[in-house]
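Engineer: Each chain, letter by letter, is given below.
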Amino acid sequence: MSPQLSTPRKVPFFRDIRTLKWALQILALLAVFAMLYWLYGNYQENVAKSSIQTDLRFLDNPANFTIPGNDLDQSQPVRDAFVEGFLNTLRVAFIGIALATILGTLIGIARLSKNFMVRTLGTVYVELVRNLPLLLLLTFMNLAVVLQAFPRIENAWLPLDLFVVSNRGIAIPWFIGSPAQLGIGILSAALLAFVVAKIRIRQADKTGKQDRAWLVGIATFVVLVILIWLLFGYGWELPYVDGRGTTGGLRLDPSFFALVASLVIYTSSHIAEIVRGSILAVSRGQGEAADAIALSGSQKMRLIILPQAFRIAMPALGNQYLNLIKNSSLGATISYFELTQIAQITVGNGSPAVPAFSLTLLVYLAISLVTSLVVNFFNRRLALVER
Amino acid sequence: MITWMRRNLFRSITDTILTVISGSILGYVIFQVFQFVFITGRWEIIQVNLKILLVGRFPEELMFLVGFSILATCFSIASLASGMNRPIDQPPTLAGKLWGLFQRFGLIIATSAFLIVLAGDMAAVLFGAYVVLSIFAGRLFGLARRNTVLKRLPGWLWVAINATLPLVLIFLTMGQAALEEWGGFLINFYLAVVSIALSFPLGVMLALGRRSTLPLLRWLSTAYIELIRGAPLFVLLLLAGVALEFFIPASIAPDAIFRAVTVFTLFTAAYLAEVIRGGLQSIPKGQAEAGKALGLSTFRITFLITLPQALRNVIPAQIGQFISLFKDTTLAGVALSVFDLLNVGTAITKQDDYLGQGLIYESLAFVGLLFWVGSYVMSRESQRIEKKLGVGIR
Amino acid sequence: MSNEVFKDASKMSGGRESDDAIIVIEGVFKRFKDFEALKNINMQVGRKEVVVVIGPSGSGKSTLIRCINRLEAHDDGHILVDGTALTTDIRNIQEIRRETGMVFQNFNLFPHLTVLTNVAIGPRRVRGLSKSAAEELAMELLTRVKIPEQADKFPAQLSGGQQQRVALARALAMTPKVMLFDEPTSALDPEMINEVLDAMKELAQDGMTMIVVTHEMGFAREVADRVVFMDKGEIVEVGTPSEIFDNPKEERTKKFLSQIL
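Chains as they are written, first to last, in the working numbering: chain A, 1 to 387; chain B, 1 to 394; chain C, 1 to 261.
It is worth saying that the hints were derived from the structure and are not from the lab. Don't take each hint at face value.
Unchecked claim - Below 27 angstroms or equal to it, Euclidean Cα-Cα: the simulated BS3-like pairs (lysine-lysine) are: (1) A:K114 to B:K285; (2) C:K33 to B:K285; (3) B:K292 to C:K255; (4) C:K232 to C:K39; (5) B:K285 to A:K21; (6) C:K255 to C:K39; (7) B:K387 to B:K97; (8) B:K350 to C:K146; (9) C:K33 to C:K177.
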């Protein structure tokens with residue numbers, strides 16, 4: 001006596017769970033479109049009233065300003081100025097990321113030291129810097145250090161007789177010769193050194209001896225660079241005070257120095273925390289297992305702990321690098337001619353604001369995207385192979 | 001003591017060298033700081049300008065609003081802290097309790113005392129007393145919640161009641177003053193509070209949208225979040241400084257504070273959305289299933305079961321976001337010419353009386369102190385909450 | 001094994017008071033991507049009947065009861081709960097979810113609500129009772145499962161066995177016609193299994209219709225009216241506890257029983 005199974009009636013669409021699932025979300029979507037439409041409408045209306053440009057034609061206009069430390073001509077189009085700004089941002093980014101990583105890693109390791117004094121120094125540094133706004137650090141670097149503390153050119157500091165430090169900037173010794181050539185040379189040397197190290201590892205694996213591959217690699221690299229240096233006739237140039245400026249060497253803009261210094265100090269405190277956290281995150285069992293097979297202290301660090309810590313730290317580090325790149329936009333507050341400052345100046349000189357700043361925004365987005373992709377690539381390559 | 005020193009400072013030759021080097025660096029820095037603060041520093045500039053540093057050119061008649069909102073905030077924080085429905089481990093002796101309070105609040109108390117001494121007038125001392133009173137009252141209110149009939153109040157209602165009064169007062173204050181007039185530390189704080197309050201609903205919606213099954217909605221939410229996260233806040237502020245008026249009807253004339261709040265809200269909402277999304281992802285599927293099995297509607301499941309848990313799980317991350325925002329409010333100073341603490345700090349060194357005397361050190365030191373204490377205390381409290389949330393499991 | 005036999009399940013030997021079937025499952029299939037979790041399931045459960053479903057992991061027993069309250073959606077076939085057809089009609093689904101209660105393996109209590117609120121939330125928000133009426137009902141049920149003193153505590157403060165009993169009370173608070181149990185004791189420490197099984201036994205004695213997926217064979221022997229053995233998505237054998245445990249007919253049943261008994 002099973003109950004009669006009536007043929008199921010057609011489910012009305014407004015009660016059908018399949019349509020209801022979408023209903024709310026479609027409503028939300030419509031609300032978003034409505035708002036976007038309203039915003040767009042306002043924009044069109046207001047722009048029409050004020051008759052300003054809204055496209056990118058302004059890029060062809062002459063810049064009407066010069067960039068210190070650069071031979072940009074006043075009459076060159078705005079586009080060229082933007083390119084210069086972009087390059088400056090990249091310069092700050094590369095140097096900033098490199099220095100911040102080195103400093104941050106050192107401090108992070110210091111915070112884990114068994115030595116109380118070293119540990120305290122690290123902790124004080126991190127806790128002090130982490131809780132300050134970046135703009136404060138930047139303003140301090142600029143107004144208090146570079147413009148105030150650094151001496152005037154007549155009384156410039158000459159540390160080690162190699163550098164010239166004044167409130168006009170820092171001049172460092174620099175090479176004479178084509179930078180592009182040297183860059184390629186260094187890259188090839190690095191590649192070759194890498195290959196040599198790999199060969200050495202394979203050799204050592206066969207014999208079971210210590211490979212000391214990193215020593216071999218570094219030695220090869222240094223030898224190759226010196227060879228390239230001598231072969232291509234690169235020279236060395238020391239800066240010296242010359243009237244109201246310096247001659248020779250590479251002069252670093254005071255605002256460049258202030259920007260990089262504050263970015264490095266700020267970011268390194270975050271990187272220190274990440275490094276410390278990632279080393280701690282490698283479970284204790286790993287260290288204990290390493291001890292159980294009698295690895296030495298430095299072997300334990302090098303072969304077991306650090307590789308795993310690096311894997312853990314990668315995403316957070318990538319995030320910090322992105323932050324550094326975005327924070328470089330603050331260079332505009334101290335008149336360093338990176339991308340944002342260029343945008344501000346051209347707008348001040350009459351370029352239409354919305355397209356100019358929107359273009360700037362898009363460039364930063366592009367840089368962020370590329371950096372994210374690179375970091376993700378490394379992330380995936382390093383990821384532990386899981387079941 | 002000697003063994004401790006030997007183990008931690010002088011283990012080996014290299015160790016000893018490191019100790020000496022870092023010890024001397026630390027010692028030198030501390031010595032210089034002390035010398036600067038107590039001996040060579042010329043703090044007159046801070047004393048004279050204390051009012052504009054803290055509240056800008058806030059109209060005198062309306063200062064009471066500021067006072068009330070501070071008192072209301074202290075009250076609410078104290079009552080929220082002591083009213084949480086979880087057992088708190090209290091040290092047994094009075095001395096122990098005092099030491100615990102000192103550890104937690106010593107820094108704030110010291111800074112406030114310092115400010116009162118700087119201000120050097122009775123009104124400040126009186127206000128300090130009011131603050132202490134309101135904290136006590138708040139604590140009593142919180143304890144009442146834990147021990148009386150108020151215990152039955154659901155958590156969210158308790159938070160809502162406590163949050164309403166200070167938020168209302170803060171909004172009121174922001175509306176009242178003619179906005180070119182005020183600034184200082186107050187505006188950094190208010191900008192942060194208002195922006196994060198407004199960004200919450202948007203952040204929740206974005207988080208839900210990011211997890212939606214409708215591809216277009218998910219794509220739009222993701223696009224917004226990723227766009228904002230890839231953009232420097234400074235550039236967004238600059239853009240708003242010149243472009244915001246194009247997107248709103250011509251009748252509203254946006255001023256600097258309006259622009260700042262808009263950008264900070266839209267900006268924080270994207271970051272909050274990611275934090276909340278992480279929280280939502282951490283809720284096991286079984287929770288929603290249990291709700292479904294009971295017959296609860298999807299709407300009710302989200303807002304009664306899933307979302308409350310998600311928000312509570314990521315409280316530390318939300319506080320972290322607030323701290324970041326608090327520090328980022330300094331950008332409004334340069335981008336939109338808002339007279340925030342940092343802006344005022346640099347401006348006062350250009351006053352006629354103080355121009356060219358190199359007083360930038362004193363000024364930035366004071367600004368740094370206020371920001372540092374604020375951030376440090378908030379992040380320490382957040383760590384404490386994080387530890388507490390992990391407790392309560394049998 | 002022909003599934004036709006189950007049409008008159010209520011008349012099988014050892015069947016209890018079951019006038020008409022409260023749950024009818026006919027020709028139900030369920031596919032996950034490339035894998036068929038349920039193949040041609042035909043089953044009926046009579047009122048006040050206690051059916052225990054056993055089988056190896058992956059046999060589809062959890063999927064089956066989760067299809068009954070639509071936590072999973074079946075792909076083919078019909079499911080009827082107390083006369084209401086389980087289709088995509090949300091009204092039917094809500095109705096069926098109100099009339100069925102479920103106890104989960106991992107309890108799934110709401111950690112941010114007190115024990116009392118956990119039990120009261122169903123009657124309050126779904127059945128529309130007032131807060132005080134809902135809480136009164138909740139206290140009654142907590143007393144019934146013998147933990148009234150835990151009412152104001154939070155789930156995390158209770159033991160596993162206590163939590164599962166709260167889950168039981170929470171499901172009962174909706175006054176369901178059928179109770180579904182998805183391995184209710186599998187996540188419990190051994191010393192707490194009995195308190196939950198006792199509560200379930202009482203429930204059965206009070207005449208609740210129950211479908212229980214479990215590994216507790218002792219419980220099945222004592223309380224079940226019928227035992228259903230499932231394997232690889234199919235119902236392999238059905239019978240009274242003594243028929244299944246003492247005289248299994250199918251090879252697969254014998255193999256499974258030899259592995260666990």
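Engineer: Against the 27 angstroms threshold, does the CA-CA distance of K33 (chain C) and K177 (chain C) hold or violate the hint?
Structural biologist: violated (33 angstroms)
Engineer: Quick one, are K285 (chain B) and K21 (chain A) close enough, alpha carbons at most 27 angstroms?
Structural biologist: holds (18 angstroms)
Engineer: Would the hint linking K387 (chain B) and K97 (chain B) be met if the CA-CA limit is 27 angstroms?
Structural biologist: holds (19 angstroms)
Engineer: Please work out if K114 (chain A) and K285 (chain B) have their alpha carbons no farther apart than 27 angstroms.
Structural biologist: violated (44 angstroms)
Engineer: Just to be careful, I want the Cα atoms of K232 (chain C) and K39 (chain C) compared with a cutoff of 27 angstroms; is the pair within it?
Structural biologist: holds (8 angstroms)
Engineer: Sort out whether K146 (chain C) lies within 27 angstroms of K350 (chain B), counting only the CA atoms.
Structural biologist: violated (76 angstroms)
Engineer: CA of K292 (chain B) to CA of K255 (chain C), is that 27 angstroms or under?
Structural biologist: violated (37 angstroms)
Engineer: Would you check the hint for K33 (chain C) and K285 (chain B), treating anything up to 27 angstroms between C-alpha atoms as holding?
Structural biologist: holds (20 angstroms)
Engineer: For the pair we were handed, K255 (chain C) and K39 (chain C), check the Cα-Cα distance against 27 angstroms.
Structural biologist: Distance ~21 angstroms between K255 (chain C) and K39 (chain C) Cα, so the pair holds.
In the structure shown, a violation is registered for the earlier hints numbered 1, 3, 8, 9, in ascending order.
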